[in-house]
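2 protein chains.
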Amino acid sequence: MSGVTSINLVENALLVSIQDDVTDTEIVELQDTLSNRIAKENVKGVILDISSLEIVDTFVGRVIAQLAGISKLLAAETYVVGMRPAVAVTLVELGMYLPETRTALSLTHALTQLRRA
Amino acid sequence: MSGVTSINLVENALLVSIQDDVTDTEIVELQDTLSNRIAKENVKGVILDISSLEIVDTFVGRVIAQLAGISKLLAAETYVVGMRPAVAVTLVELGMYLPETRTALSLTHALTQLRRA
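Chains as they are written, first to last, in the UniProt record's numbering: chain A, 1 to 117; chain B, 1 to 117.
Treat the hints as calculated values from the structure; they're not laboratory data. Among the hints, erroneous ones may be present.
Claimed, not checked - Only some residues are given here: those of chain A computed to face chain B with a beta carbon under 10 Å:
1) Q66
2) G69
3) P85
4) V89
5) H109
As the list claims (entries may be wrong) - Keeping only pairs whose Cα atoms sit at most 20 Å apart, straight-line, the calculated SDA-like set for lysine to any residue is:
6) K40(B) with I55(A)
7) K40(B) with L107(A)
8) K44(A) with K72(A)
9) K44(B) with N12(A)
10) K44(B) with T112(A)
11) K44(B) with I55(A)
12) K40(B) with T90(A)
13) K44(B) with L105(A)
14) K40(B) with R115(A)
15) K44(B) with P85(A)
16) K44(B) with R84(A)
17) K44(B) with R115(A)
18) K44(B) with S106(A)
19) K40(B) with E54(A)
20) K40(B) with A86(A)
21) K44(B) with A86(A)
22) K40(B) with A117(A)
23) K40(B) with N12(A)
24) K44(B) with L107(A)
25) K44(B) with A117(B)
26) K44(B) with L53(A)
27) K72(A) with N12(A)
28) K40(B) with T108(A)
Unchecked claim - Listed next, the stretches of chain B that the computed footprint assigns to chain A, with coverage defined by at least 3 CB atoms under 8 Å from CB atoms of chain A:
29) 32-41
30) 68-77
Using N, Cα and C, we set each Cβ at its ideal position, and we do this for glycine too.
With the hints as constraints, model all of the structure from the sequences given.
Rendered as structure tokens:
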């Protein structure tokens, strides 16, 4: 299983790297682990790194939206970083505007914004 | 083909002029080009100049909404400038309130707001 998603604490945020070949089962696990860690570690934000995603479909779009929704309910702001241009175009064409998330071009930008928050 | 849309870098924003007779194919190309340039040139904003649009329909409204959605996902703020009063009336009548966009009466106003951001 190459595509294990990882969760790491960076400053006051949890950095989640989503792999290209993430499966349905892994996502359910990720949701559990992430929500528990947000509550336990009292983080201000969740940063979803999707730079390894080359193609998105509605499944991946829904995954991002759900993770953002969970984080918001647990009082953490979600930033999506590393989105490829083609991915942005596809998400919008699929009608997925990800209203709950903020985007930042890089991890540095996301951390800067979280420091200000 | 008279109505070629242009993209120019102005300060820290990309100025996109949308022509009246823009076609579906041109829009797809514009989405690709614009998204790649936002990511590459690390701009803070996208300014959609629609002053040459005399009439809008749902197609053009959707184009504006999609371009704004893509820009937002790539961490750039969208400003719509040069909207004619009749166009504003039509967009609202069509139920298109363009929630992802900010509007400014002129390019100068948009640039002033982007400098502050």
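Hints, verified against the model:
1. Q66: Where the cut-off is 10 Å and the nearest Cβ of chain B is about 17 Å from Q66(A), the hint is violated.
2. G69: Constraint on G69(A) not satisfied, violated at 17 Å.
3. P85: With a minimum Cβ separation of about 3 Å from chain B (threshold 10 Å), the hint on P85(A) holds.
4. V89: Check passed: Cβ of V89(A) comes within 5 Å of chain B, closer than 10 Å.
5. H109: 7 Å, holds
6. K40(B) with I55(A): Given pair K40(B), I55(A) holds - Cα atoms ~19 Å apart, limit 20 Å.
7. K40(B) with L107(A): Holds, at about 16 Å.
8. K44(A) with K72(A): 10 Å, holds
9. K44(B) with N12(A): 25 Å, violated
10. K44(B) with T112(A): Holds. K44(B) to T112(A) sits at ~15 Å (cutoff 20 Å).
11. K44(B) with I55(A): Violated. K44(B) to I55(A) sits at ~25 Å, over the 20 Å cutoff.
12. K40(B) with T90(A): Status holds; Cα separation ~18 Å.
13. K44(B) with L105(A): 10 Å, holds
14. K40(B) with R115(A): 25 Å, violated
15. K44(B) with P85(A): 15 Å, holds
16. K44(B) with R84(A): Distance ~16 Å between K44(B) and R84(A) Cα, so the pair holds.
17. K44(B) with R115(A): Measuring from Cα to Cα gives roughly 19 Å; hence the hint holds.
18. K44(B) with S106(A): 13 Å, holds
19. K40(B) with E54(A): Between K40(B) and E54(A) the Cα gap is close to 17 Å, so the pair holds against 20 Å.
20. K40(B) with A86(A): 13 Å, holds
21. K44(B) with A86(A): 19 Å, holds
22. K40(B) with A117(A): 26 Å, violated
23. K40(B) with N12(A): Distance of about 28 Å is beyond 20 Å: violated.
24. K44(B) with L107(A): Distance of about 16 Å is within 20 Å: holds.
25. K44(B) with A117(B): 8 Å, holds
26. K44(B) with L53(A): 23 Å, violated
27. K72(A) with N12(A): Holds: K72(A) and N12(A) sit about 15 Å apart, inside 20 Å.
28. K40(B) with T108(A): Cα-Cα ~16 Å, so holds.
29. 32-41: Holds, because 5 residues of the region 32-41 of chain B bring their Cβ atoms closer than 8 Å to Cβ atoms of chain A.
30. 68-77: holds (count 6)
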